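Letter by letter, the chains look like this.
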Amino acid sequence: MFHSLGRYILLLWLSFRKPEKFKVYWAEVMREMVSQGIGSLGIIVIISVFIGAVATIQTAFQLVSDLVPRSVVGGITRDSTILEFSPTISALVLAGRIGSSIASQIGTMRVTEQIDALEIMGVNTPGYIVSPKIISGVSMVPLLVIVSVLLGLGGGYLACAVSNTVSTTDYLSGLTDGFNTVIVTVCAVKAVAFGFIITSICAYQGFYTSGGALEVGQAATRGVVYSCIMILFADLIISKVLL
Amino acid sequence: MIEVKDIYKTFGDNHVLQGITASFKPGKNNLIIGGSGSGKTTLLKCIVGLHEPTKGDVLYDGHNFTDMHFTDRVHIRKEIGMLFQNSALFDSMTVEENIMFPLNLFTDQSKEEKLDRANFCLKRVNLEGKNKLFPSELSGGMKKRVGIARAISMQPKYLFVDEPNSGLDPLTSILIDELIAELTEEYNITTVVVTHDMNSVMGIGDHVIFLYNGQKWWEGTNHDIAHTDNKELNDFVFASKFMKAAREKL
Chain A
414 MFHSLGRYIL
424 LLWLSFRKPE
434 KFKVYWAEVM
444 REMVSQGIGS
454 LGIIVIISVF
464 IGAVATIQTA
474 FQLVSDLVPR
484 SVVGGITRDS
494 TILEFSPTIS
504 ALVLAGRIGS
514 SIASQIGTMR
524 VTEQIDALEI
534 MGVNTPGYIV
544 SPKIISGVSM
554 VPLLVIVSVL
564 LGLGGGYLAC
574 AVSNTVSTTD
584 YLSGLTDGFN
594 TVIVTVCAVK
604 AVAFGFIITS
614 ICAYQGFYTS
624 GGALEVGQAA
634 TRGVVYSCIM
644 ILFADLIISK
654 VLL
Chain B
463 MIEVKDIYKT
473 FGDNHVLQGI
483 TASFKPGKNN
493 LIIGGSGSGK
503 TTLLKCIVGL
513 HEPTKGDVLY
523 DGHNFTDMHF
533 TDRVHIRKEI
543 GMLFQNSALF
553 DSMTVEENIM
563 FPLNLFTDQS
573 KEEKLDRANF
583 CLKRVNLEGK
593 NKLFPSELSG
603 GMKKRVGIAR
613 AISMQPKYLF
623 VDEPNSGLDP
633 LTSILIDELI
643 AELTEEYNIT
653 TVVVTHDMNS
663 VMGIGDHVIF
673 LYNGQKWWEG
683 TNHDIAHTDN
693 KELNDFVFAS
703 KFMKAAREKL
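Those protein sequence lines, which keep their order, are chains A and B.
Everything in the first sequence is counted per my numbering, starting at 414 for the first residue and increasing by one.
Everything in the second sequence is counted per my numbering, starting at 463 for the first residue and increasing by one.
By construction, these hints were calculated from the structure, which means they are not laboratory data.
Quick caveat, the model's predicted, so the values are computed rather than measured.
Any given hint might turn out to be false.
As the list claims (entries may be wrong) - Over the 10 Å line for every Cβ pair with chain A, so calculated as not near, a few chain B residues:
#1 Lys487
#2 Thr516
#3 His525
Said to hold, decoys possible - Restricting the straight-line Cα-Cα distance to at most 16 Å, the calculated cross-link-like pairs of lysine to aspartate or glutamate (EDC-like) are:
#4 Lys434(A) to Asp570(B)
#5 Lys436(A) to Asp570(B)
#6 Lys507(B) to Asp529(A)
#7 Lys540(B) to Asp529(A)
The C-beta atom is built at its ideal place from N, Cα and C for all residues, glycine as well.
Please model the entire structure based on the sequences and the hints provided.
Quick look at the structure:
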């Protein structure tokens with residue numbers, strides 16, 4: 414375990430050494446941003462709308478009482494979406510979407526000697542391969558989480574409009590009542606941390622792959638599983654520290 | 463010139479290289495041959511720095527590569543070109559981008575200059591007009607030639623080739639061998655080729671080193687091979703009926 418942790422830290426350290434040519438690295442960062450950000454938008458849109466809608470319906474179902482104002486449903490949906498549903502569930506889905514892609518891509522480069530070819534040329538391979546993915550992850554995952562929050566709340570609105578359990582006026586009123594900005598900070602910190610966890614762990618798993626196609630698949634699976642575990646662990650730590 | 467001095471390489475209890483000493487001269491096709499597991503690819507990887515030798519030194523024109531820090535090694539690596547067994551082309555890049563990749567990273571040439579160089583390299587390996595193809599659209603022989611074009615794009619002083627003929631038909635193999643030999647002579651490159659293809663040995667082997675059980679067992683030229691009385695080398699070279707018949711005619 415300590416051996417792996419040491420290699421992981423060393424890989425991160427090597428990844429952020431001075432690049433040979435900033436322009437080439439920047440192009441890679443842009444390419445990764447498109448791949449991770451635009452490529453993941455579809456799945457984020459779908460899960461966010463459904464999660465927001467389900468959260469609203471279930472909250473409304475549990476608060477059937479004349480003593481509780483209906484607008485509370487909007488407030489609870491807002492807090493749970495911003496604090497937990499959007500950052501954490503999005504990150505778990507992105508671990509599968511982005512993480513497996515990173516691990517298998519780097520793993521394939523390793524077993525087909527593409528990484529060796531880069532090293533022979535004198536390229537700092539962790540810097541060229543890993544750092545653009547991490548930079549892209551810590552910038553695109555928060556953006557995807559913002560989209561997810563907005564669509565989640567939009568999904569809640571749609572659920573209200575369709576089901577009539579809570580009026581849309583009450584829902585919108587609840588969204589703005591008692592808004593505490595700290596939940597946005599927690600959401601942002603979680604999103605950045607999760608972006609780093611997904612990209613760095615999966616890149617590590619791919620970078621140290623050896624063997625063939627079977628091992629590349631195993632590296633991708635390990636990357637996703639370890640990322641998911643670390644996301645949940647980081648979720649707990651950040652929530653405990655910031656709330 | 464590349465000098466290898468008393469190289470040992472061990473993986474756990476497996477002693478792959480046991481005290482190999484050799485020198486590889488410029489303008490010559492230096493071939494490392496040997497059976498599977500004899501340590502030839504490991505030796506090549508030790509020379510280029512993909513493996514760190516357990517003991518021993520590798521010198522590039524007198525500069526000890528083994529003792530160098532990563533940042534110092536970069537200066538020598540810019541002078542190295544390598545063709546890998548499976549070509550190791552970057553899947554996400556076109557042929558042209560593959561060849562221009564080292565130029566993008568290590569030179570300040572304009573885009574036109576880099577494009578000119580890429581076109582020159584492609585012409586040199588007889589692949590003009592294939593610029594926009596992706597590696598997945600190329601045949602095995604074409605991939606090797608693109609690999610060579612990428613390897614020579616930076617005008618290397620040292621060229622390393624790992625199993626250039628693996629997976630190729632005999633005719634394409636000869637074309638690749640001839641291309642390597644021409645480039646070596648034309649640009650006075652120090653070329654080191656790892657192979658177990660006897661056609662390559664007999665065709666371009668200016669200087670041949672035979673590895674056996676991780677040791678340098680024999681050294682000479684392709685002309686010497688036919689007349690050697692080294693049993694292990696004979697068993698290796700003349701394993702096939704075709705080669706045995708060819709030897710009898712020599």
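Hints, one by one, checked against the model:
1. The Cβ of lysine 487(B) sits about 21 Å from the closest Cβ of chain A, beyond the 10 Å cut-off, so the non-interface label holds.
2. Residue-level check passed: threonine 516(B) sits 19 Å from the nearest beta carbon of chain A, beyond 10 Å.
3. Chain A leaves histidine 525(B) outside its interface by the beta-carbon criterion, the shortest separation being 15 Å against a cut-off of 10 Å.
4. Straight-line distance between C-alpha atoms of lysine 434(A) and aspartate 570(B) comes to about 10 Å, which keeps the hinted pair within the 16 Å bound.
5. With a C-alpha separation of about 11 Å, the suggested pair lysine 436(A) and aspartate 570(B) falls inside the 16 Å cut-off, and the hint holds.
6. With a C-alpha separation of about 10 Å, the suggested pair lysine 507(B) and aspartate 529(A) falls inside the 16 Å cut-off, and the hint holds.
7. A threshold of 16 Å between alpha carbons decides the hint, and for lysine 540(B) with aspartate 529(A) the separation of about 14 Å falls inside it, so the pair holds.
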